[in-house]
Amino acid sequence: MNASQERVWISQREAGTIVSRVLLACGLDPGEIPAATDAVFDAEQAGAAAVRLLLRVVRENTPLGATAAMEGYSRNELDARGAIGFAVAGAVLDLLAECDEDEARLVVHDVRYPEFLLGVGYRLSDRDIRLELDGSTVVAESTRRPSSRPPRPDPRATGYLVPRDAWHELRSISNRALAEDTIVSRSHAGATDLTSDGVIKGDTDDVVAMTELEALYSDSAQE
Amino acid sequence: MNMSTHTSPRIGDSPPHRPEFACGNAIPTPTALAALQPSRLSTTRLLIEQMRQERWRITVAKFDLDSVGAGEAVYRVDTGRGVMDLVIFAKEPKRDGRTSRIIGGTWDLTAALIEGPVTEAQISLTREEMPKLYEGRGCEGTLVWCRSNRSLRVFDYVVAALASGRQPSAAALTHVGYLLRNTGLDANGTFGTKPFFAYEERHPLAAPFFPQMLTAYLVRQFSIDLADHLAAAASPETAVRMDRNIARSIGLGNGSGLGLILWATNHPRFIDNWLSVRARALDAARSALLTAEHLPDLESRLRDAQGFRAQDPMRYHIIRSSAEIANDLESILQTMAVIVAEGRSLSGEELLQRLPIVCPEALDCVAMAILDSMPDLVSFDWRDLVVDEEAAFDATMSVATLRRLTEQVYEWLDEWPSDPRDRPYVWYRSIAGEEPRRGLRHEVPEGTFDLSVDLMAEREELRAACATQPPDATVGSLVRSHPRLRRSATRVQVASDLTFGPLRMDMKSADFHPSQIIAFINVAVFGLARARDALDRNILGVMYLGAPLRDELATTHDWWTPAVPFASAEWRPLTFTGQQ
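Here the protein sequences come in this chain order: A and B.
Going by the numbering used here, the letters in the first sequence line up with residues 1 to 223, in that order.
Going by the numbering used here, the letters in the second sequence line up with residues 1 to 580, in that order.
Chain A on its own, in the form it takes in the complex:
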């Protein structure tokens, strides 16, 4: 097995933490991140190689920003206006959930990386969803009945097996969402008494007047 085929197990918690940070660092609006993160891993479980795909998106180095209003839609049609699939997944799910009919057809236009939509069916238990991708267009056909797709294992318990190399690169990129460790910022948690190079002064296991303890030790010696 070569390096690009090696896989690593990650928990859903780790998956969520790292991908949320990646999306934050790439500029996706924080309000959209939870749904987008779900979409990435739903698609990964659906076999869309979404983790590698996310890495491709990130390498494009285009700030994501807040997704534009998806206007000009109808009940059966949604114009994603060039948004990436993971940012559109929530809207697709909503439209399918809002649908009253037993059978419905939804066409989503102008989606970048539509593969990120391939896992949306996991989240609607009362509808059987069939997806077709054609370039930047996605067609979702939905029937109100239990899904014919085999139930997926609960990712909260099973986590995910993802490509090791892509995951490590994403982990590294996720650090961009973390703040620089400055001397001042060190005082924003825990001790405020720092040396000029940021080293925490004083006793490190607690804050207490040592003289009091020394007196007590002396008492103890006389016990």
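These aren't lab readings, by the way, just hints derived from the structure by calculation.
Quick reminder that beta carbons are idealized off the backbone N, C-alpha and C, glycines included.
It cannot be assumed that every hint is accurate.
Covered, in the sense of this in silico footprint (three residues per stretch, anywhere, with C-beta under 8 Å from a C-beta of chain B), are these stretches of chain A [unchecked claim]:
no.	region
1	22–34
2	49–58
3	94–106
4	148–161
Which residues of chain A face chain B? A few of them, derived with a C-beta cut under 8 Å, are [said to hold, decoys possible]:
no.	residue
5	W9
6	A69
7	N175
8	H188
9	A189
Which residues of chain A face chain B? A partial, calculated answer using Cβ under 8 Å [claimed, not checked]:
no.	residue
10	S11
11	Q12
12	R13
13	E14
14	A66
15	M70
16	A87
17	G90
18	A91
19	S172
We have chain A already, so just place chain B on it with the hints.
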């Protein structure tokens, strides 16, 4: 005392007629939550009780440490439903790079709780992976990774005292409370540990925080054994083993910081459910009939609680001091003496009504002591504490409903200052150990991502967006027009289903004291003792203070308000063999 689990009604059987999680408190403000005391519902107490009822056996399978404390040990827990091993890697302390914070890079002890019996291959892999920390992965069956440091203040002193044939001063130990201090307990999927939802239904640790709490208990036991070992190694001729009363008064140090605030914002259902269970317990305490036979026991428990608080030497700032609580408990005891002398039965509610005006902490001590005093009143089960935090967005809700719910769940925000000058804080994580930090806006590094949940801004944005939509439009359509509001709308939908609503804290506000919420989780939820605040953003406390030692689990009860011990007269000579 027996805490029955089969004859009494279970918490959760009936809804409360007055949902107050503390006497007179149904609103989850930081101040009200910080006043909640440890109780039978606290995780450390639930775990000890489970260990006692199920007769868990803890043995030392391996203790291979040298004269400076470097080496490995394995503590084995036989639960009757499976074995778990704590694999410990200890080393001689170094001063360099040492800090109690998560950003520390050197630890005196690292350990892994693993479903056992562990194999040599698992130990070897763990030994290799743990030092990598964020880059490392636990072996299969790993439940917890933990890190601890020796107390620089008392560890060497205790060893020296024991080595010279003396017991350490109980008074000195009381000022610290521990020999080892926890600096990290990682579980539930972190570093490759087993996710909580992967625990089998009958897994002995399939309860919230039980894996971490068992690890903490075992590390606390190891700290005592380590001190005995080092004393024997230093002076085999004169060393004595630590007196049991003193050993029991040693807990595991713990410092919690701002990360718990971020955790609380992500776990609204857990906290709300925990408060709901507590409210039902409180309701049972108020309804209880306290007979003339019960009252002296209750009085005795309150006297223990008063003594425990009176002997607390810690200094408090935002959190109410033990001295003040002790004074109020003394006032309560005076009234209790009168009530006991009357020799008649009364309800818990009547008792609470007759008490003098005291601080909420002291009042809570009484309510929780009623529950301790009448163990058959209610039974607790960890299953009551398991919730699903997965937030499902309801796209079909009408905009009118969302608008109404937004006003309802955030009405309390009107009482918080809204001027940006009064809301100067930014919350973020540092690249150093991913440590959560909170700083003034102008002090944080440029480009920092603000992780605070700005409910005030979310409310305003939702109000404005809802105003642009027809009332009968769906929230789905609102979010298609305003994709960035998906999380805010979901948060309102989740909060509207909570019994007590969201925690009433504005993370950005200068009026918000993070230490109060951190204290609530440490003290009430986990059951830490002597939990005092530092810098308004850390809670320093002690886990398992007074708890039974590993060979006392079956016989020791009511351990949570220990008096400062004095060494028993029967000091035994130390005969440490390396295996116990």
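Verification of the supplied hints:
Restraint check on the region 22–34 of chain A versus chain B: 8 residues with Cβ-Cβ distances below 8 Å, three needed, restraint holds. Judged by the Cβ-Cβ criterion of 8 Å, the region 49–58 of chain A is not covered by chain B as claimed, because only 0 of its residues qualify and three are needed. Interface restraint, the region 94–106 of chain A with chain B: holds (4 residues with C-beta to C-beta distance below 8 Å; minimum three). Beta-carbon proximity to chain B at under 8 Å applies to 5 residues in the region 148–161 of chain A; the threshold of 3 is reached and the given coverage holds.
About 7 Å separates the beta-carbon of W9/A from the nearest beta-carbon of chain B, less than 8 Å, and the hint is met. Hint on A69/A holds. Least Cβ distance to chain B is approximately 5 Å, under the 8 Å limit. The criterion of a C-beta within 8 Å of any C-beta in chain B is met by N175/A, whose closest approach is roughly 6 Å, and the hint holds. Among the interface hints, the one on H188/A holds; its C-beta lies about 4 Å from the nearest C-beta in chain B, closer than the 8 Å criterion.
Taking 8 Å as the C-beta cut-off, the interface hint given for A189/A holds, the closest approach to chain B being about 4 Å. Given hint, S11/A at the interface with chain B, holds; its Cβ is 3 Å from that chain's nearest Cβ, closer than 8 Å. Nearest Cβ of chain B to the Cβ of Q12/A: about 7 Å, under the 8 Å cut. The hint holds. At a threshold of 8 Å, the smallest CB-CB gap from R13/A to chain B is about 4 Å, leaving the interface hint in force.
Evaluation of the E14/A hint against chain B yields a held restraint, the C-beta minimum of about 6 Å falling below 8 Å. Hint status for A66/A: holds, given a least beta-carbon distance of 5 Å to chain B, under 8 Å. For M70/A, the suggested interface contact is upheld, since its CB lies about 5 Å from the closest CB of chain B, less than 8 Å. Of the supplied interface hints, the one on A87/A holds, with its beta-carbon coming within about 7 Å of a beta-carbon of chain B, less than 8 Å.
The criterion of a C-beta within 8 Å of any C-beta in chain B is met by G90/A, whose closest approach is roughly 6 Å, and the hint holds. Satisfaction of the interface hint for A91/A is found here, the shortest Cβ-Cβ separation to chain B being roughly 5 Å, below the 8 Å cut-off. A cut of 8 Å between beta carbons decides the hint on S172/A: the least distance to chain B is about 10 Å, and the hint is violated.
Comparing the model with each numbered hint stated earlier shows that hints 2, 19 do not hold.
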